[in-house]
Amino acid sequence: MSAASVVLVIMAIGTYLLKSAGPLILGDRALPVRLQEIVDLLPAALLAALAIVSTVGDGESIVIDARLVGLVVAGIALWRRLPFVVVILLACAATALVRAIP
Amino acid sequence: MGEPISDEERRRVIRRQSASIVGAVAPFGIVFGAAAATAGLALWQAVGYSALVFGGSSQFAAVEILGDGGSIASAAIAGLLLNVRSLAFGVIMAPALAGALWKRATMSQLMIDESTAVGAAQSELRWRRYGFLVAGVGVFVVWNLTTVIGFVAFSGAGDLIDDLGLDAAGPAAFLALLWPRLASAPQRRTAIGGAVIALVLIPVAPPGVPILASMFGVAVARWWPTDETVDEGGLR
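As they're listed, the protein sequences go chains A and B.
Using my numbering, the first residue of the first sequence is number 1, and each one after it goes up by one.
Using my numbering, the first residue of the second sequence is number 1, and each one after it goes up by one.
Worth double-checking, as some hints may not be accurate.
[Said to hold, decoys possible] For each label pair, taking beta carbons as the anchor points, the in silico distance ranges come out as:
id: 1; chain 1: B; residue 1: Ala-42; chain 2: A; residue 2: Leu-97; range: 19 to 25 Å
id: 2; chain 1: B; residue 1: Asp-7; chain 2: A; residue 2: Leu-24; range: 27 to 33 Å
id: 3; chain 1: A; residue 1: Ser-2; chain 2: B; residue 2: Ile-149; range: 31 to 37 Å
id: 4; chain 1: A; residue 1: Leu-82; chain 2: B; residue 2: Arg-126; range: 34 to 40 Å
id: 5; chain 1: B; residue 1: Gly-67; chain 2: A; residue 2: Leu-97; range: 30 to 36 Å
id: 6; chain 1: A; residue 1: Ile-25; chain 2: B; residue 2: Val-148; range: 40 to 46 Å
id: 7; chain 1: A; residue 1: Ile-25; chain 2: B; residue 2: Pro-4; range: 19 to 25 Å
id: 8; chain 1: B; residue 1: Arg-11; chain 2: A; residue 2: Val-6; range: 38 to 44 Å
id: 9; chain 1: A; residue 1: Pro-32; chain 2: B; residue 2: Pro-4; range: 37 to 43 Å
id: 10; chain 1: A; residue 1: Ile-25; chain 2: B; residue 2: Leu-164; range: 38 to 44 Å
id: 11; chain 1: B; residue 1: Leu-160; chain 2: A; residue 2: Arg-29; range: 45 to 51 Å
id: 12; chain 1: B; residue 1: Arg-12; chain 2: A; residue 2: Glu-60; range: 39 to 45 Å
id: 13; chain 1: B; residue 1: Ala-19; chain 2: A; residue 2: Ile-25; range: 31 to 37 Å
[Stated by the list, open to error] Facing chain A, from chain B, some residues (calculated, C-beta under 10 Å):
id: 14; residue: Pro-4
id: 15; residue: Ile-5
id: 16; residue: Tyr-49
id: 17; residue: Ala-51
id: 18; residue: Ala-88
id: 19; residue: Met-93
id: 20; residue: Ser-108
id: 21; residue: Arg-126
id: 22; residue: Gly-165
id: 23; residue: Ala-191
For the record, the hints were derived by calculation from the structure and aren't laboratory data.
Being a predicted model, the structure only gives us computed values, none of them experimental.
Ideal placement from N, C-alpha and C gives every residue a C-beta, glycine not left out.
All chains, full assembly: derive it from the sequences and hints.
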């Protein structure tokens, strides 16, 4: 097997175990109340981190570029209560526009 | 988060959210396909990564490392480290994914950033499940199709993403899904905490770890000074 195939098999199995541990082990058993409170808050931390890392992250360095303008425009659009799709399109357009400026 | 709307309307909103996020994935699928071809993989291997691993950034990392002549161990470890966050996604989504063992086992393969983001953004369990599945299946189909397209047809797809600003679609979508939660003070503090933790860790931790560590943002919400009048006054 080529190196790419070995890595493929290891990652497919390993990733599946990570993905399925929650649903397969926890199932629909109710979590203790304190833990449930934490789990209710987790998505906020996660979504904020995903937004930040995908905006200024570039491997192991912080890169401030046109993506940040896109995020700010998205924030303004959300504050103006514009629809989801419009928010995304405006963010892309603003980012492309900033890049088009020489 | 809670204006009462009809089930049909709710489904429409979730499908629209999913469509945007699925569309945002397409150009990256093309880039992955092109990167896999460049790194010397066969088409079946590229699709194997997209279907069996199904974790965007981890696939990029592994293929990049292999293409640069990295060892099997370094490629696999970097890739898996990027996917440790799926473990946390699984804990968040588990209550919404209840059911027969085979169903839970099948749905688990869809445990990625996008499906968790759309699912966790909903407030009721059944809508969390619906959002998770619509976004998860949508991304799975588009990701694999675009992997093939990228492998076969594109080599300069990276430029296209930059020129059209498509790399801003992901950040905007994550912010949009977070937005309704920011109305609640504990959620807002958690979000700020998570964002700061992730930001600080980007330069010092391997990719994937900052997002995982953002979980500790929950602790920030708990330790935040709870005197509401001082807190709210300070914000204005």
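Here's how the hints hold up against the structure:
1. B:Ala-42 to A:Leu-97: 19 to 25 Å: Violated - the Cβ-Cβ distance for Ala-42 (chain B) and Leu-97 (chain A), about 40 Å, lies outside 19 to 25 Å.
2. B:Asp-7 to A:Leu-24: 27 to 33 Å: holds, 29 Å
3. A:Ser-2 to B:Ile-149: 31 to 37 Å: Violated, at about 23 Å.
4. A:Leu-82 to B:Arg-126: 34 to 40 Å: violated, 27 Å
5. B:Gly-67 to A:Leu-97: 30 to 36 Å: Distance hint for Gly-67 (chain B), Leu-97 (chain A) holds at roughly 33 Å.
6. A:Ile-25 to B:Val-148: 40 to 46 Å: violated, 34 Å
7. A:Ile-25 to B:Pro-4: 19 to 25 Å: violated, 35 Å
8. B:Arg-11 to A:Val-6: 38 to 44 Å: holds, 43 Å
9. A:Pro-32 to B:Pro-4: 37 to 43 Å: Given a distance of about 30 Å, which is not inside 37 to 43 Å, the answer is violated.
10. A:Ile-25 to B:Leu-164: 38 to 44 Å: Given about 42 Å between the Cβ atoms, the range holds.
11. B:Leu-160 to A:Arg-29: 45 to 51 Å: holds, 46 Å
12. B:Arg-12 to A:Glu-60: 39 to 45 Å: holds, 40 Å
13. B:Ala-19 to A:Ile-25: 31 to 37 Å: holds, 32 Å
14. Pro-4: violated, 18 Å
15. Ile-5: violated, 14 Å
16. Tyr-49: holds, 6 Å
17. Ala-51: holds, 9 Å
18. Ala-88: Since the shortest Cβ distance to chain A is 7 Å, the answer is holds.
19. Met-93: holds, 7 Å
20. Ser-108: Check passed: Cβ of Ser-108 (chain B) comes within 4 Å of chain A, closer than 10 Å.
21. Arg-126: violated, 12 Å
22. Gly-165: holds, 3 Å
23. Ala-191: holds, 4 Å
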